[in-house]
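**Q** Sequence:
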Amino acid sequence: MKKDELKYNEEDERSIFEDILDFIKVFAITALVFLLFVNFIAHPVSVKGRSMHPTLKDGEFGFTNIISTYAGSIQRGDIVVIKMQEEGSEKETHWVKRVIGLPGETVSCSNDEVYINGEKLDESTYIDEEYKQEMINEFGYFNQVMRDHVNEDGITVVESMDFESVTLEEDEYFLMGDNRPYSKDSRDLSVGPIHKSQIFGKGVLVLFPFNEIGIN
Numbered sequence: 001m002k003k004d005e006l007k008y009n010e011e012d013e014r015s016i017f018e019d020i021l022d023f024i025k026v027f028a029i030t031a032l033v034f035l036l037f038v039n040f041i042a043h044p045v046s047v048k049g050r051s052m053h054p055t056l057k058d059g060e061f062g063f064t065n066i067i068s069t070y071a072g073s074i075q076r077g078d079i080v081v082i083k084m085q086e087e088g089s090e091k092e093t094h095w096v097k098r099v100i101g102l103p104g105e106t107v108s109c110s111n112d113e114v115y116i117n118g119e120k121l122d123e124s125t126y127i128d129e130e131y132k133q134e135m136i137n138e139f140g141y142f143n144q145v146m147r148d149h150v151n152e153d154g155i156t157v158v159e160s161m162d163f164e165s166v167t168l169e170e171d172e173y174f175l176m177g178d179n180r181p182y183s184k185d186s187r188d189l190s191v192g193p194i195h196k197s198q199i200f201g202k203g204v205l206v207l208f209p210f211n212e213i214g215i216n
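When the letters of the sequence shown are read in order and numbered with UniProt numbering, they come out as residues 1 to 216.
Fair warning: there could be bad hints in the mix.
[To be verified] Once the Cα atoms are required to be at most 25 Å apart in a straight line, the calculated SDA-like pairs of lysine to any residue come out as: (1) 91 <-> 137; (2) 120 <-> 214; (3) 132 <-> 203; (4) 83 <-> 67; (5) 196 <-> 122; (6) 196 <-> 26; (7) 120 <-> 192; (8) 83 <-> 103; (9) 91 <-> 58; (10) 120 <-> 41; (11) 83 <-> 19; (12) 184 <-> 104; (13) 120 <-> 91; (14) 48 <-> 94; (15) 184 <-> 170; (16) 196 <-> 209; (17) 184 <-> 35; (18) 184 <-> 71; (19) 48 <-> 137; (20) 91 <-> 122; (21) 48 <-> 75; (22) 48 <-> 196; (23) 48 <-> 29.
Derived from the structure by calculation, the hints contain no laboratory data.
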């Protein structure tokens, strides 16, 4: 072996300490990028319950776009993730709903049809009427607009989802789940209109299960 080759190998040697230091640097940078991503760009979200069926299904996992709530406006029909406080707890939870009413508008429902400022809202692009009727036949209506009676499972059941007109204040939104008969949302007296500050993200990119991958 030549002398200059031996010298090269000696100079190229790295101590264990240097390797550990490099690993810590890479880990710290990766963690920082991840934290910036989930706090300012997109945040993981898990769909819980059937309130957004069949658009989003119980157990689906993905990411919601955080930056769009700052950079863009909230439009009717948008799917949003909102911050809610768990009942009887200080713990924060996330709900996934659809924007129906915008600030300053008057929202009402008659004969299961939603009206905005007195005009019927076309919801054919996201409401599956056949699925909706199946849910009504199986479960009735699951919301507390009217407290008609409680079934054997302790669920408040009403005869229809009709409600009187609600006029939204500045920065207030009226949200509903796509699965109208089985969604607790702005129709519920304990929820009501949602303030803009509660909207955490817009849209859901589903990543799991794999056969449901897509943007909603």
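**Q** A separate judgement is required for each hint: does it hold in the structure or not?
**A** Taking the hints in turn, this is what the structure says about them:
no. : hint        : in the structure
1   : 91 <-> 137  : violated (34 Å)
2   : 120 <-> 214 : violated (30 Å)
3   : 132 <-> 203 : holds (22 Å)
4   : 83 <-> 67   : holds (15 Å)
5   : 196 <-> 122 : holds (24 Å)
6   : 196 <-> 26  : violated (37 Å)
7   : 120 <-> 192 : holds (21 Å)
8   : 83 <-> 103  : holds (18 Å)
9   : 91 <-> 58   : holds (21 Å)
10  : 120 <-> 41  : violated (35 Å)
11  : 83 <-> 19   : violated (43 Å)
12  : 184 <-> 104 : holds (22 Å)
13  : 120 <-> 91  : violated (38 Å)
14  : 48 <-> 94   : holds (9 Å)
15  : 184 <-> 170 : holds (23 Å)
16  : 196 <-> 209 : violated (30 Å)
17  : 184 <-> 35  : violated (31 Å)
18  : 184 <-> 71  : violated (28 Å)
19  : 48 <-> 137  : holds (22 Å)
20  : 91 <-> 122  : violated (36 Å)
21  : 48 <-> 75   : holds (23 Å)
22  : 48 <-> 196  : holds (22 Å)
23  : 48 <-> 29   : violated (32 Å)
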